[in-house]
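Chemist: I would like the entire structure built from these sequences, with the hints used as guidance.
Residue numbers (this note's numbering), protein chains in the order written: chain A, 1 to 222; chain B, 1 to 221.
The set of hints was computed from the structure by calculation and includes no laboratory data.
Quick caveat: nothing in here was measured; it's all calculated off a predicted structure.
All C-beta atoms, glycine included, are put in the ideal place defined by N, C-alpha and C.
Take these hints with a grain of salt, some might be off.
[What the hints assert, rightly or not] Here are the in silico distance ranges between beta carbons for each label pair:
#1 A/Gly32 <-> B/Gly57: 56 to 64 Å
#2 A/Tyr210 <-> B/Ala140: 51 to 59 Å
#3 A/Thr94 <-> B/Ile157: 31 to 39 Å
#4 B/Ser104 <-> A/Gly32: 23 to 31 Å
#5 A/Ala48 <-> B/Lys63: 44 to 52 Å
#6 B/Ile157 <-> A/Ser189: 15 to 23 Å
#7 A/Ser57 <-> B/Ala146: 55 to 63 Å
#8 A/Leu194 <-> B/Ile157: 49 to 57 Å
#9 A/Val192 <-> B/Thr100: 18 to 26 Å
#10 A/Ser189 <-> B/Leu144: 55 to 63 Å
#11 B/His133 <-> A/Ser28: 49 to 57 Å
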Amino acid sequence: MNGRTLLYSLVVLLAASGTACQHEPSTSDFYGDYMVYTDHDTEVDFAAFTTYYVPDSILLIGNRRKAEYWKDDRAARIISTVTNRLDAAGYQRTTDKATATFGMQLSYVERVAYYVGYDYPYWWWYYPYYWAPEYWGPWDGWHYPYYVQYGYTAGSLLIEMVDLSAEPLENVPLPIVWDSYIGGLLTSSEQVNLDRAVTAVEQAFIQSPYLGRTVTGRNAAR
Amino acid sequence: MDKIAFLMKNIRSMKIKKYIGLATLCIASLCIGQRASAQFLPNSYFNVDWQMNVPLGKSFADKASGWGMNFEGGYYVSPAIALGAFISYQTNLENIPRQTLTLSNGSALTTKQKHAVFQLPFGVTGRYSWLRHSVFQPYAGLKLGAQYAELSSYYYIVKHYTDTWGFFLSPEVGVSIFPRPDYRLGFHVALYYSYATNNGRVLSYSIDNLNNFGIRVGVSF
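Modeler: Next up, the structure:
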């Protein structure tokens with residue numbers, strides 16, 4: 001091997017090494033896990049809420065423009081997990097939406113492959129479309145009092161708490177004061193997805209100890 | 001979630017490849033600028049090493065890893081002292097079981113994670129060698145320079161990361177082994193310690209300084 005051959009070999013070796021220098025870990029085992037993210041408006045006193053209203057169905061977010069609702073035994077189990085947690089936290093469920101101090105809206109991302117930004121699909125222009133402000137009262141749009149950033153995939157469950165304690169007014173947006181994003185609910189088994197959703201909903205409340213009427217109520221919610 | 005980098009890792013990798021590519025060109029140009037000979041480049045040396053790196057102390061990713069290489073070259077300004085340049089890279093990983101992290105501004109996250117620390121130091125190197133014309137040529141050296149480090153947390157479909165820069169210092173001892181000293185193509189083994197001042201924050205983790213030790217094995221010419 002003469003010097004020139006060695007030199008060229010070195011350059012090739014360096015270049016080849018440079019194309020693969022940063023090693024990314026395998027994330028395939030994340031498929032068997034779920035993720036729970038929660039956030040809230042730190043200015044809100046959650047102990048001041050008393051009654052809440054929860055619709056009896058879950059919004060399905062897919063690729064269709066028309067709103068679809070998930071309303072069966074599985075959806076009921078997820079909703080009941082939410083209501084059980086809220087009841088344990090000292091809040092009282094009401095069937096009269098007009099008198100509720102806050103509302104809970106649940107959405108399941110069924111088919112959207114990936115999303116960043118409010119551009120596509122059509123749904124997201126108006127998300128939460130089904131939970132339109134008019135559903136809760138004459139509000140003018142939505143408002144997150146804290147910083148949020150969306151990025152959803154299929155198999156995600158979204159839970160949002162809307163503050164209904166203020167008098168609804170036109171030109172005043174409806175504030176979402178707490179939200180939970182649960183990912184990883186898209187295995188091939190519906191039962192696994194359901195069990196995982198229930199566990200994850202429980203976790204969403206466990207990691208939100210500020211939700212509760214009283215200290216006792218908050219502890220009970222844990 | 002602030003600074004979430006959905007599917008950005010490919011873009012980041014492209015940038016790192018660009019850095020490495022530039023360094024490759026620099027080293028290659030140094031080589032090409034000199035006349036090749038039977039002793040390759042007189043009064044110079046080159047090392048290309050695979051390295052096994054072990055993070056020390058409270059590390060963001062504490063598992064030992066062989067995902068790294070080191071490239072360096074130098075010129076003997078005296079019979080025993082050489083000065084040159086180096087660049088290396090290293091990735092260390094760690095699996096984090098599911099846990100709940102309290103993030104800033106009232107948010108919380110429960111998930112499994114994989115942490116990764118990618119280090120890319122480069123700069124100048126110096127070494128003092130003994131027995132330069134024998135089969136075994138031991139040396140002691142010191143590397144000084146800058147270090148780019150990317151601290152990443154992978155979870156769900158998300159890569160959450162921060163880029164950091166710091167000062168880099170690394171003492172090293174090693175030996176070059178030339179079965180035929182006149183031919184100048186041999187092997188290289190070295191032990192090193194490295195310290196870098198990189199610091200940053202990822203999710204609820206705060207990282208202050210990066211310490212490592214490791215071994216390099218490669219070729220020398």
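Chemist: Each hint needs a verdict: does it hold in this structure or not?
Modeler: Evaluated hints:
1. A/Gly32 <-> B/Gly57: 56 to 64 Å: violated (32 Å)
2. A/Tyr210 <-> B/Ala140: 51 to 59 Å: holds (58 Å)
3. A/Thr94 <-> B/Ile157: 31 to 39 Å: Check passed, 37 Å falls within 31 to 39 Å.
4. B/Ser104 <-> A/Gly32: 23 to 31 Å: holds (29 Å)
5. A/Ala48 <-> B/Lys63: 44 to 52 Å: holds (48 Å)
6. B/Ile157 <-> A/Ser189: 15 to 23 Å: For B/Ile157 and A/Ser189 the Cβ distance comes to about 20 Å; the hint holds.
7. A/Ser57 <-> B/Ala146: 55 to 63 Å: holds (57 Å)
8. A/Leu194 <-> B/Ile157: 49 to 57 Å: At roughly 21 Å between Cβ atoms, B/Ile157 and A/Leu194 fall outside 49 to 57 Å, so the hint is violated.
9. A/Val192 <-> B/Thr100: 18 to 26 Å: holds (22 Å)
10. A/Ser189 <-> B/Leu144: 55 to 63 Å: At roughly 56 Å between Cβ atoms, B/Leu144 and A/Ser189 fall inside 55 to 63 Å, so the hint holds.
11. B/His133 <-> A/Ser28: 49 to 57 Å: Holds, at about 52 Å.
When held up to the earlier numbered hints, the structure conflicts with 1, 8 and fits the remainder.
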